[in-house]
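*Asks:* Modelling step: build the complete structure from the supplied sequences, incorporating the hints.
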Amino acid sequence: MTSQLPDRDPEETAEWVESLDALIREQGTERAQFIMRSLLQRAGSQSVGVPMVTTTDYVNTIPADQEAEFPGNEEFERRYRAYMRWNAAVMVHRAQRADIGVGGHISTYAGAATLYEVGFNHFFRGKDHPSGGDQVFFQGHASPGMYARAFMEGRLSEEDLDGFRQEKSKQGHALSSYP
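Mapping to this note's numbering: the sequence shown position 4 is 4, numbers consecutive.
Don't read these hints as lab results, they were simulated from the structure. Note that the coordinates shown come from a computational prediction; the quantities given were computed from them, not determined experimentally. Among these hints, one or two may not hold up.
To be verified - Distance windows between CB atoms, simulated:
#, residue 1, residue 2, range
1, ALA22, HIS129, 51 to 61 Å
2, ARG79, ILE35, 42 to 52 Å
3, MET36, PHE70, 30 to 40 Å
Glycine is no exception: its CB is placed at the ideal position from the N, C-alpha and C atoms.
*Replies:* As structure tokens, this is what we get:
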């Protein structure tokens, strides 16, 4: 947890760090954890803005050597996601033609592409699955990515993609922003 603020009193800071080191050395890590948690709680109750510590007991609990092998081809899937992000971005860009004046959202899909694609490739079940298919609802702003995937799978044409957000002017080949 680094700070961009200058240290106004490096000597005092060094004393606090030395005190923590001594606490760990003399009383162990459990006591040091207790003291640190108590200090953080007190800082919170005094409205001291303390950055959130992002590690918890529930993060990275499986050691790397015990993780299951990735079930697919990571390099291929990474490249495929890059193509879909690109196609989604181009589709939104092309929808922003000057004479039409509509926009679109590219960051929702771009940021969540890995989550969606791991789901598509390894978790979501199709309608022919013996247990029945999954019904998956996506955030509407992610639709450019869903359309880009359908294009890569051959279910939509380039003409269809050019109909993104053109429900009135491209009837028959229009794609809604919120399918």
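*Asks:* None of the hints should be skipped; say for each whether it holds.
*Replies:* Against the structure, the hints come out as follows:
1. ALA22 with HIS129: 51 to 61 Å: 60 Å, holds
2. ARG79 with ILE35: 42 to 52 Å: Holds - the Cβ-Cβ distance for ARG79 and ILE35, about 49 Å, lies within 42 to 52 Å.
3. MET36 with PHE70: 30 to 40 Å: At 36 Å between Cβs, range holds.
In summary, this structure violates none of the numbered hints.
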